[in-house]
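K.L.:
Listed below, chain by chain, are the residues.
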Amino acid sequence: MRGLTLRSYQLLAIGLGTLIILSGCGYNKLQGLDEDVKAAWGEVQNQYQRRADLVPNLVATVKGAAQFEQQTLQQVIEARAQATSIKLDANALSNPETFKKFEDAQRQLSGALSRLLVVVEKYPDLKANANYRDLQAQLEGTENRIAVARKRYVESVAEYNKAVRYFPTNLTANYILGLKARESFSAEETATKPPQVKF
Amino acid sequence: MKLHKARSFFAGLVGLLVPTIFSFGLALEVPPLRGRINDYASMIQPDKARELESRLSDFERDTGHQVAVLTIPSLKGDALEDFSIRVAENWKIGQKGFDNGAILLVAQKEHKLRIEVGYGLEGVLPDAIANRIINEIIVPRFRENDYSGGIEAGIESIFKITRGEALPNSSQDKTRIKGNRPAAGLFIFAALIALIVGISRRTPLGGAFGGAISAGAIGIGGALTSGPGLWIAVSLAGAIVGALANFSAAAVWGNPRSVKGSRRERWPRDVLTGGAFIDGSGSGGSYGGDFGSGGFSDGGGFSGGGGDFGGGGASGGW
Numbered sequence: 001m002r003g004l005t006l007r008s009y010q011l012l013a014i015g016l017g018t019l020i021i022l023s024g025c026g027y028n029k030l031q032g033l034d035e036d037v038k039a040a041w042g043e044v045q046n047q048y049q050r051r052a053d054l055v056p057n058l059v060a061t062v063k064g065a066a067q068f069e070q071q072t073l074q075q076v077i078e079a080r081a082q083a084t085s086i087k088l089d090a091n092a093l094s095n096p097e098t099f100k101k102f103e104d105a106q107r108q109l110s111g112a113l114s115r116l117l118v119v120v121e122k123y124p125d126l127k128a129n130a131n132y133r134d135l136q137a138q139l140e141g142t143e144n145r146i147a148v149a150r151k152r153y154v155e156s157v158a159e160y161n162k163a164v165r166y167f168p169t170n171l172t173a174n175y176i177l178g179l180k181a182r183e184s185f186s187a188e189e190t191a192t193k194p195p196q197v198k199f
Numbered sequence: 001m002k003l004h005k006a007r008s009f010f011a012g013l014v015g016l017l018v019p020t021i022f023s024f025g026l027a028l029e030v031p032p033l034r035g036r037i038n039d040y041a042s043m044i045q046p047d048k049a050r051e052l053e054s055r056l057s058d059f060e061r062d063t064g065h066q067v068a069v070l071t072i073p074s075l076k077g078d079a080l081e082d083f084s085i086r087v088a089e090n091w092k093i094g095q096k097g098f099d100n101g102a103i104l105l106v107a108q109k110e111h112k113l114r115i116e117v118g119y120g121l122e123g124v125l126p127d128a129i130a131n132r133i134i135n136e137i138i139v140p141r142f143r144e145n146d147y148s149g150g151i152e153a154g155i156e157s158i159f160k161i162t163r164g165e166a167l168p169n170s171s172q173d174k175t176r177i178k179g180n181r182p183a184a185g186l187f188i189f190a191a192l193i194a195l196i197v198g199i200s201r202r203t204p205l206g207g208a209f210g211g212a213i214s215a216g217a218i219g220i221g222g223a224l225t226s227g228p229g230l231w232i233a234v235s236l237a238g239a240i241v242g243a244l245a246n247f248s249a250a251a252v253w254g255n256p257r258s259v260k261g262s263r264r265e266r267w268p269r270d271v272l273t274g275g276a277f278i279d280g281s282g283s284g285g286s287y288g289g290d291f292g293s294g295g296f297s298d299g300g301g302f303s304g305g306g307g308d309f310g311g312g313g314a315s316g317g318w
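Chains as they are written, first to last, in this note's numbering: chain E, 1 to 199; chain Y, 1 to 318.
So that you can see chain Y by itself, here it is in the shape it has in the complex (with noise of 0.2 Å):
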């Protein structure tokens, strides 16, 4: 009888199992975001990549919007429209706040393709014109078997069609910052607890590990509960400036342990090298979620800014 409940239990536990799998197989998955075009398909020719990789950044670096390219070899049955969405939730391509993302999907087995647009271009690429820029750009070219033309030119028409508008982004650091609100408020959340928690051990080098230990648990913190390498950097850089305005506190106010002769000798040496670190890599580590910052090369840490979309553009097919 035990025997019999234990098995039906598991059958149970089964039978919620399966369906789950089941319909995790059924969906298509999301590939990564390599960059901002992912050639999965192999359907554009390597330097052709490569160029249009940086023009997308440089597009990007003077309108702030953003523009991603992704192909597949198939949908495995997979509605278009469905994936496409699921894709561009998951890569959140545009800022967030001004959502001015868009993505060129092709599905190159069942020969169809789509333009996803985010809600701050629908204004700018509405379903009529991205039904053209398919339609009447690539398509044409599609049919001939000029891949990276079509892609090519349907990237064009869309730098052409949203460069006629004024757009959120003249001012980049204004849309850097927003895009990346959270990481910001974490940034001087951590730093801020580091100065308090610094300034209340009252030696520098107690500062320095207070501020460390404490920001650094706010980093974890973040990391749980969202992707832990812009929050490692976060409570790092936060940890930093914690330990930093630590000491200059103590120099400001005067700490009498910290001031007395060798040690004062050293520690500014110390500081200086963690000021380089801030304006090294920190500042890229805190606003690690963005994306050609200008110098970047292209490719190198792309992700999308946060950018929502509801579903507009439009499909087609060759």
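With the rest of the complex left out, here is chain E (with noise of 0.2 Å):
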């Protein structure tokens, strides 16, 4: 009787160490986050792909105003073939480099989306197009899309982050799972507006 006391006590004992280690190395929580910040990539990714893809029709409905600056428009089409080439898979998010080069190239579409913008001011009867004004619309709404995408992305990413280089559950990122910290958008390109594109 005392020695199946004792056993059961032990047993017990077990139980809680093991209960404990399990929930203190991380291995599910770090691998909750690493899902949240592939989820949170990929819309970010989807936010950018659906903007590439409104840029043919804008150019199309912007080329049809007559002597439209050739120049302008020809900068937005490298833009976007440039960010288009460049595809990230959540698991290049911890190489800085290829991180760079995609936030670069998107950048450079931002860049000539919203100068495209500033030039078609000049023309009134575009302006007054109602092919253009709903494509301007979701130009601004998906402009805004990829603002919220990425602010969520920098969130996840910065528990994600925390979780991967904290003890102890980087001891489990590590040598059990091999998951690395992860590249997160720069505070300041976040914290401001998404080219402003109204006026």
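One or more of the hints may lead you astray.
[Said to hold, decoys possible] Below, in silico cross-link-like pairs of lysine-lysine (DSS-like), each with a Cα-Cα straight-line distance of 27 Å or less:
#, chain 1, residue 1, chain 2, residue 2
1, E, K38, Y, K112
2, Y, K112, E, K151
3, Y, K112, E, K122
[To be verified] Reference excerpt, derived from the structure (chain E facing chain Y, CB under 7 Å, subset only):
#, residue
4, D125
5, L126
6, A137
7, Q138
8, G141
9, N144
10, R145
Hints were generated in silico from the structure; no laboratory data involved. Note that the structure is predicted; figures quoted are calculated from it, not measured. All residues carry an ideal CB built from backbone N, CA and C; glycine is no exception.
Using the hints, put the two chains back together into the complex; each one sits in its own frame.
P.N.:
What follows is the structure, encoded as structure tokens:
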């Protein structure tokens, strides 16, 4: 009887110990955070893609306006080609170089698009065109979606990186799961508003 | 030296805290959700606000979509889109899983407005349409200082546009349960635990107590992780169901102590009142996150259903 009680205590202690180790090492937590980052990144890419998909339509509509600055249009087309050529898998997010390339390409496109919208201001006919106005609204909406997706990505990466770097979860991340800290968008970049395309 | 250290420690602490407080001060706080019409800037005539409130409630009953209106006196320097998405994230208008919510936000001082569209409505209410509703329907009325009329016309256009599509919610019950899946799950879990504990106690009284206590504990656990109100209701309902189930179990399998004479006379009445309680407010409580379930008078108990937003919609100004 005595032995049995002792044994059950031992079992209890082992069970509790395992539970503490399992929850303390953060295996599940890390997996969950990893998935969150991937989902957030997927959304960022989706929204950038959505923007890229709008560009051909926008260019076609603007081209219809007589003697429109060809150079501005050309820049948009090139920036789009560049931006869509760089795809970044969630697993490549730990690489600062590829991440920067992706971000630079998207920034180029943002810049080219806002210049285009500024130029359009000189063409009242085009501005009044219903088709153009719809496209502009879609572009604005998409820029806003991009801003939201980026913000959420930054938040989820911050949490993920903390878990990957802090003790003791860093041990699990390093030796068991092989997870690395991921790159994030620079703070000032996210803080600034999406290129304002309203006049 | 020690004093110096302590001083620098506190200086550091203050240094850490000040930016936090400052940043809180910077971002405009999201006002609490008061109903479907949240007219913080008093731009809508009161009787019109009541009418719109009930029309929005009807609309939700018919389609499942949640639409809310927020007017604020000023953005206080905040960006319209930033504030708008924070409102959306905070209020969670629209049903979970369907994300079929929309918010019409008006900033009085800045003369800016926005329609924020949940993921699930982006298909029927794309940015270009939201933009047209703003610029062609709302703004012309706002320019003539007809704010009630502008908001009403804007809401009506949202109704019209979104009714054009077959919707997730022809059968209301499905979405309602889906909308509160965690609550429903917890409810069942609480009831189950209550039942098990109740049966193991062998006596009906013990069963009721055991059931209530264990379900209550689950409810408290739920309250710690989420908002308290709903979870308390859930655990209460769970406890009652547990106790009830235990009574019927005792009746079916026969419990020597509970079947005895006078006691048997007494229990069914308690069971009955317990049942009435569940029918009455229990269902309302367990689906406490539900809004305007038909008979609800407008405004009362309105809350977001857990809808997600991704920044879709359009902004404008007048």
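K.L.:
Decide, hint by hint, whether the structure agrees.
P.N.:
Hint-by-hint comparison with the structure:
no.: 1; hint: E/K38 / Y/K112; result: violated (35 Å)
no.: 2; hint: Y/K112 / E/K151; result: holds (23 Å)
no.: 3; hint: Y/K112 / E/K122; result: holds (24 Å)
no.: 4; hint: D125; result: violated (18 Å)
no.: 5; hint: L126; result: violated (16 Å)
no.: 6; hint: A137; result: holds (3 Å)
no.: 7; hint: Q138; result: holds (5 Å)
no.: 8; hint: G141; result: holds (3 Å)
no.: 9; hint: N144; result: holds (4 Å)
no.: 10; hint: R145; result: holds (4 Å)
Hint violations for this structure: numbers 1, 4 and 5, all remaining hints satisfied.
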